[in-house]
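Each protein sequence line maps, in turn, to chains X and H. Heads up: take any position in the first sequence, counting from 1, add 1147, and you land on this note's numbering. Heads up: take any position in the second sequence, counting from 1, add 1147, and you land on this note's numbering.
Read the hints as simulated data drawn from the structure, not as lab findings. Among these hints, one or two may not hold up.
One copy or two, either will do: identical chains are not told apart, so a pair holds if it fits within one copy or between any two.
Unchecked claim - Subject to a maximum C-alpha distance of 20 angstroms in a straight line, what follows is the list of computed SDA-like cross-link-like pairs (lysine to any residue):
1) K1260 - P1238
2) K1175 - A1157
3) K1278 - N1167
4) K1222 - L1188
5) K1222 - T1171
6) K1278 - E1150
7) K1260 - Y1162
8) K1222 - Q1265
9) K1151 - E1190
10) K1151 - Q1184
11) K1269 - G1231
12) K1260 - N1167
Number of protein chains: 2
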Amino acid sequence: MSEKYLEDFAPGQMYRSGRNRVETDRVKAFASEFDPQPFHLDEDAAGRSIFGGLAASGWHTAALTMRLLVESDFKPAGGIVGAGFEELRWPLPVRPGDELYVEAEVLEVRPSKSRPSQGLIKVRTTTRNQKGEAVQISVGNLVVRRRADPRKG
Amino acid sequence: MSEKYLEDFAPGQMYRSGRNRVETDRVKAFASEFDPQPFHLDEDAAGRSIFGGLAASGWHTAALTMRLLVESDFKPAGGIVGAGFEELRWPLPVRPGDELYVEAEVLEVRPSKSRPSQGLIKVRTTTRNQKGEAVQISVGNLVVRRRADPRKG
């Protein structure tokens, strides 16, 4: 559970989070504040929509994914700081009652050329429901501290 | 403000949202629930972090962007339904007190080959603060209904 520096990461490393159950009232509360569309708020309207039933906002799934990741053993030094994503998609809707967990895989590790005190790691996160189905896939780059400034080496 | 079908969209169309002020208590409340890291929760810890002061979670910015978009004149028939993003980044931190607005530009319009009742539009959204600086940029594809099934036409 200790903090990990850039030197501690390597491609192929996998992390797995705990689980979080998605409750109906939280789906509706998130949607009311951030994504007030009928298919996230009302069962009847959702049944007539493209989702065929109440579905969590994709941004709710993204936020829950972040929570699961922050609470996992994936602990970059300086925190989980996203520089940006090159992929973010939701292959299946998240339904009330689903239990989500996150798998994070390190794809690349790169020292920064301009900032010797840090680097970037590319990470794929896959958020899965209780059946193991992927409900969110992202590929993003995180800023991670180096253990020591190599110029001082 | 009427709903727009695939046939109503064309590359180059621009939409601009209203404004939303980011309050300190909301930054901390969102972070407490979804992104509990010190630089989103505590001014002193944030001052010592990579952000140099309290900053909203990127997922909070993303969620606020969605809210602004849902309330704007950008009204695809069937709702704003994201198929996925190919870019999502946060060039600058969002600070408490910032007032955000969103610009959405239609980049591409494509009928679906497999589903004649719908298509995809590619949209770039740029979320800006009160100085006009970009704090979030995304490029994503949205599912949009066609006005009529062309097979029936």
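How the hints compare with the structure:
1. K1260 - P1238: Result: close only across copies, 19 angstroms inter versus 36 angstroms intra.
2. K1175 - A1157: For K1175 and A1157, neither the intra-copy (39 angstroms) nor the inter-copy (33 angstroms) Cα distance is at most 20 angstroms.
3. K1278 - N1167: within (14 angstroms within a copy, 38 angstroms between copies)
4. K1222 - L1188: For K1222 and L1188, the Cα distance is within 20 angstroms only across copies (17 angstroms; inside one copy 35 angstroms).
5. K1222 - T1171: neither (30 angstroms within a copy, 26 angstroms between copies)
6. K1278 - E1150: Classified as neither; 31 angstroms inside a copy, 36 angstroms across copies.
7. K1260 - Y1162: Neither: 27 angstroms inside a chain and 38 angstroms across chains, both beyond 20 angstroms.
8. K1222 - Q1265: So K1222 and Q1265 pass the 20 angstroms test inside one copy only (15 angstroms; across, 42 angstroms).
9. K1151 - E1190: neither (44 angstroms within a copy, 24 angstroms between copies)
10. K1151 - Q1184: between (40 angstroms within a copy, 16 angstroms between copies)
11. K1269 - G1231: Both: 10 angstroms inside a chain and 19 angstroms across chains, each within 20 angstroms.
12. K1260 - N1167: Neither, since 38 angstroms and 37 angstroms both go past 20 angstroms.
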